[in-house]
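For the sequence shown, position 110 matches number 110 in UniProt numbering, and the numbering has no gaps at all.
It is possible that some hints are incorrect.
Unchecked claim - Label pairs and their calculated CB-CB ranges:
1. 122 with 88: 18 to 28 angstroms
2. 51 with 140: 39 to 49 angstroms
3. 64 with 89: 24 to 34 angstroms
4. 118 with 33: 22 to 32 angstroms
5. 103 with 77: 11 to 21 angstroms
6. 19 with 89: 14 to 24 angstroms
7. 129 with 88: 15 to 25 angstroms
8. 11 with 51: 29 to 39 angstroms
9. 8 with 131: 12 to 22 angstroms
10. 118 with 88: 32 to 42 angstroms
11. 136 with 108: 17 to 27 angstroms
12. 25 with 105: 27 to 37 angstroms
It should be emphasised that the hints constitute simulated quantities derived from the structure, not laboratory data.
All residues carry an ideal CB built from backbone N, CA and C; glycine is no exception.
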Amino acid sequence: MIREAAGGDADRLAGFYRELAPSSRNVNVLPERVEQIRRDPNNFLFIYEEEGIPLGTVFLTLCMDPAYEFRPYGVIEYMFVAESARGRGIGSALLEHAERLCAAKHCTRVSLMSGSERTEAHRFYESRGYKGSASKAFKKYIRVTPVNWPEQPPS
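Using the sequences and the hints given, assemble the complete structure.
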């Protein structure tokens, strides 16, 4: 079953993200931020679970595209399936869920972000129709301390 994440999932999500980025020392999933995402009409954090046990997650953000009539497009990040549950269709189910939501929101495309070293995941994404050579993303981290985070994003 796929459902929206709630604040009570913060610890499990943090565990997933630590597995996803084992070299990161900054993983900190706050229950109130998960709830904030849940209330935001353009951000979706989903969990796949079986018998109440979370086995995977995906995060989807809807952005407006200024080049195409300001129609939305989706960005998928933090796609993760527990190693013990891989090969069972969970990743496919999570991607299909996010893609169906994008289609329902009339998105023009879906982009997927993945760590450059995750070659096994890249093969999976390509098998699902994603083109790893279609574009290149660059990332720059900005140092922010949690005490400086606004309760709501600036408008």
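These are the hints, each one checked on the structure:
no.	hint	in the structure
1	122 with 88: 18 to 28 angstroms	holds (19 angstroms)
2	51 with 140: 39 to 49 angstroms	holds (41 angstroms)
3	64 with 89: 24 to 34 angstroms	holds (32 angstroms)
4	118 with 33: 22 to 32 angstroms	holds (24 angstroms)
5	103 with 77: 11 to 21 angstroms	holds (19 angstroms)
6	19 with 89: 14 to 24 angstroms	holds (19 angstroms)
7	129 with 88: 15 to 25 angstroms	holds (20 angstroms)
8	11 with 51: 29 to 39 angstroms	violated (18 angstroms)
9	8 with 131: 12 to 22 angstroms	violated (37 angstroms)
10	118 with 88: 32 to 42 angstroms	violated (19 angstroms)
11	136 with 108: 17 to 27 angstroms	holds (19 angstroms)
12	25 with 105: 27 to 37 angstroms	holds (35 angstroms)
Against the hints set out earlier in the document, violations occur for numbers 8, 9 and 10.
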